[in-house]
Amino acid sequence: MNALTLEGVTKSFGALRASDDVTLAIEANCCHAVIGPNGAGKTTLIGQITGEIRPDAGRIRFFDQDITDWTTPRRALAGLGRSFQITQLCADFSALDNVALAVQARQGHSYRFLRAAGSDARLRDPAMAALERVGLGERAQIRVDVLSHGERRQLELAAALATEPRMLVLDEPMAGMGPQESERMIAILHALRGEVTILLVEHDMDAVFALADRISVLVNGAVLMTGDPAAVRADPAVRAAYLGAPAP
Amino acid sequence: MAINRQIVAGLLIAACLLAVPFAAPYLGGNYVITLATRVVIFAIAASSLDLLIGRGALVSFGHAAYFGLGGYVVGICAFHLANDVTIFGWAGSNEALVVWPLAMLVSGFAALVIGALSLRTSGVYFIMITLAFAQMIYFVFVALKYYGGDDGLAMTSRNLFAGTRITNAQTFYWISLCALALCLLIQWRLVVSRFGMALRGAASNERRMAALGFSVYGYRLVAFVIAGMMAGLAGALWANLNRFVSPDMLGWVRSGEFMVMVIMGGVSSLLGPVIGAAAFLLVETALAGWTEHWQIAFGPFVLLVALFAPRGIWGLLRGRAGP
Chain A
0 MNALTLEGVT KSFGALRASD DVTLAIEANC CHAVIGPNGA GKTTLIGQIT GEIRPDAGRI
60 RFFDQDITDW TTPRRALAGL GRSFQITQLC ADFSALDNVA LAVQARQGHS YRFLRAAGSD
120 ARLRDPAMAA LERVGLGERA QIRVDVLSHG ERRQLELAAA LATEPRMLVL DEPMAGMGPQ
180 ESERMIAILH ALRGEVTILL VEHDMDAVFA LADRISVLVN GAVLMTGDPA AVRADPAVRA
240 AYLGAPAP
Chain B
0 MAINRQIVAG LLIAACLLAV PFAAPYLGGN YVITLATRVV IFAIAASSLD LLIGRGALVS
60 FGHAAYFGLG GYVVGICAFH LANDVTIFGW AGSNEALVVW PLAMLVSGFA ALVIGALSLR
120 TSGVYFIMIT LAFAQMIYFV FVALKYYGGD DGLAMTSRNL FAGTRITNAQ TFYWISLCAL
180 ALCLLIQWRL VVSRFGMALR GAASNERRMA ALGFSVYGYR LVAFVIAGMM AGLAGALWAN
240 LNRFVSPDML GWVRSGEFMV MVIMGGVSSL LGPVIGAAAF LLVETALAGW TEHWQIAFGP
300 FVLLVALFAP RGIWGLLRGR AGP
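Chains A and B are the protein sequences, given in the same order. Taking numbering that gives the first Met the number 0, I'd label the letters of the first sequence as residues 0 to 247. Taking numbering that gives the first Met the number 0, I'd label the letters of the second sequence as residues 0 to 322.
Worth flagging that the hints you see were computed from the coordinates, not collected in a lab. Do not rely on the hints blindly, as some may be mistaken.
As the list claims (entries may be wrong) - Computed spacing ranges between beta-carbons, pair by pair:
hint	chain 1	residue 1	chain 2	residue 2	range
1	A	Met204	B	Arg206	24 to 30 Å
2	B	Ala81	A	Ala77	58 to 64 Å
3	A	Asp91	B	Met127	22 to 28 Å
4	B	Glu205	A	Arg60	24 to 30 Å
5	B	Trp251	A	Pro36	49 to 55 Å
Claimed, not checked - Some chain B residues flagged as far from chain A (calculated, every beta-carbon gap over 12 Å):
hint	residue
6	Leu16
7	Phe21
8	His79
9	Tyr124
10	Tyr146
11	Asn167
12	Ala178
13	Ala296
Positions of the beta carbon are idealized from the N, C-alpha and C atoms, including for glycine.
If we strip away everything but chain A, and leave its shape as in the complex, we get:
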């Protein structure tokens, strides 16, 4: 069964074809990576999947529903979680509050005016569990603007996990991380494999080859090829377009 299906998704900005007839099927519970050089249209593709950008043509299906016309919040509530390439968090909230917001979103509408959210165990406990899962349990009370870059990346993931998504769209989760932090993030994501569908857009090739079950290569907005990691690594066209160096 496919978690996400893109059929002929096309998006142009002026003369630039950011997405050129992209057709892609991402199998449920699989970790599918999308790689490609800068300007290949990866971010535009993610924007269309999460609903921030409307495609000019094509359909997007999430499990058995056509979500092409859905808003971002509606997609999120249907189980499409994401992390951002440039961290998007509530900077003046604590780490715990950021994740508690995610839990709150999952528990239905927030037109609840009387009970204090800060002492609500139904929010705190799952939020704490998500923080511990990404290794931020000790930092729960720290304000986001005081956290390190790597910690914020982990917090993004914790917030996405706390919405209990059926699928995670991760936009360069290792961006700007040191080697140690990257390794830690890879370990966290590795633990998630098989449990949730992951669409991973990443520049770090070590991470991609460590995690991905399947890889799609995007060049100039179009899918150059899709295959398992070994096939992608061996493909001469991919190496010419992107990997550059000879396969090890």
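Given chain A's structure and the hints, the job is docking chain B onto it.
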């Protein structure tokens, strides 16, 4: 430390407000009580605006519209009563416990309509569109000659409160103070509730909130309506205090004054707007007694607060530590 300081400062403000009726005979009698009542009423309006500016990052530049509409509901009911043409022959139109909630409903409904349209924009456009709607209502009342037009409407007496006449300045002060306490209590619960988390989250990072599944428009609209209703209550009280309503209550100058109170007192704080309202009125009164061009001195005062207390007077009082 910071928490203690915050509590001490809060208790001090509460003590000052509670002490006014007892201290007034030694300070200048009813004049002082009336001044304190004005502070309390403006504090209600300013704190309701802070729910939008401080908690929701929604800079509404038309908050006087809801204040003025609340006032006009009281004024118009009194006008019809005085002319023996009670609206729909309706007898309750002089009872505060009926008219004031009605004022809140009318203001809340206006906020619902204006908010529903304004909240589709953001940033500078939001500021301009809220201002534009408020000015439209202002000019409607200027043009309504039947209800006094430019000259406004005078009321022969205050509304009855639970059947009793409120002639005593002290009694009216206590009623206003209770209204302020109630509004602050409601706001405090709102801010820490799930609703408050959603509203503040949307102010902090709208994109993040959408990605989590929040449709922030609805939460903002509800906040807009609540703030409008509280401003309507303040307007109803204001009309009763002065026994007079005029289009000035609705104008952009009044909206600007509310904003100055919020920013001067301290945004995103329960007591900041209360302090802001007090500082605004006390400084205005002191300067106006000194020169009729009091704005010349008032401008630099606001500037100094903005420069040296970016978190407002409340920010100075409670200290630097803590969010």
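Results for each hint:
Judged by the Cβ atoms, the range 24 to 30 Å given for Met204(A) and Arg206(B) holds: they are separated by roughly 28 Å. A hinted range of 58 to 64 Å holds for the C-beta pair Ala81(B) and Ala77(A), which are about 59 Å apart. Asp91(A) and Met127(B) have their C-beta atoms about 27 Å apart, which keeps the hinted 22 to 28 Å range intact. In this structure the hint that Glu205(B) and Arg60(A) lie 24 to 30 Å apart at CB holds, the actual value being about 27 Å.
A C-beta distance of roughly 53 Å is found between Trp251(B) and Pro36(A), which places it inside the suggested range of 49 to 55 Å. With a closest Cβ-Cβ approach of about 25 Å to chain A, Leu16(B) is found to remain outside the 12 Å limit, as its non-interface label requires. The non-interface label for Phe21(B) is consistent with chain A: the shortest C-beta to C-beta separation is roughly 34 Å, beyond 12 Å. The Cβ of His79(B) lies farther than 12 Å from every Cβ of chain A, with a closest approach of about 35 Å, so its non-interface assignment holds.
Annotated as non-interface, Tyr124(B) keeps its C-beta farther than 12 Å from every C-beta of chain A; the closest such distance is 20 Å. At the 12 Å boundary, the C-beta of Tyr146(B) stays outside the reach of chain A, the nearest C-beta of that chain being 35 Å off. Separation of Asn167(B) from chain A is adequate, the least Cβ-Cβ distance of about 35 Å exceeding the 12 Å criterion. Under the 12 Å C-beta cut-off, the non-interface status given to Ala178(B) relative to chain A holds; the minimum distance is some 19 Å.
Consistency note on Ala296(B): stated as away from chain A, and its beta-carbon is indeed over 12 Å from all of that chain's, at 35 Å minimum.
When each numbered hint is compared with the structure, no violation occurs for any of them.
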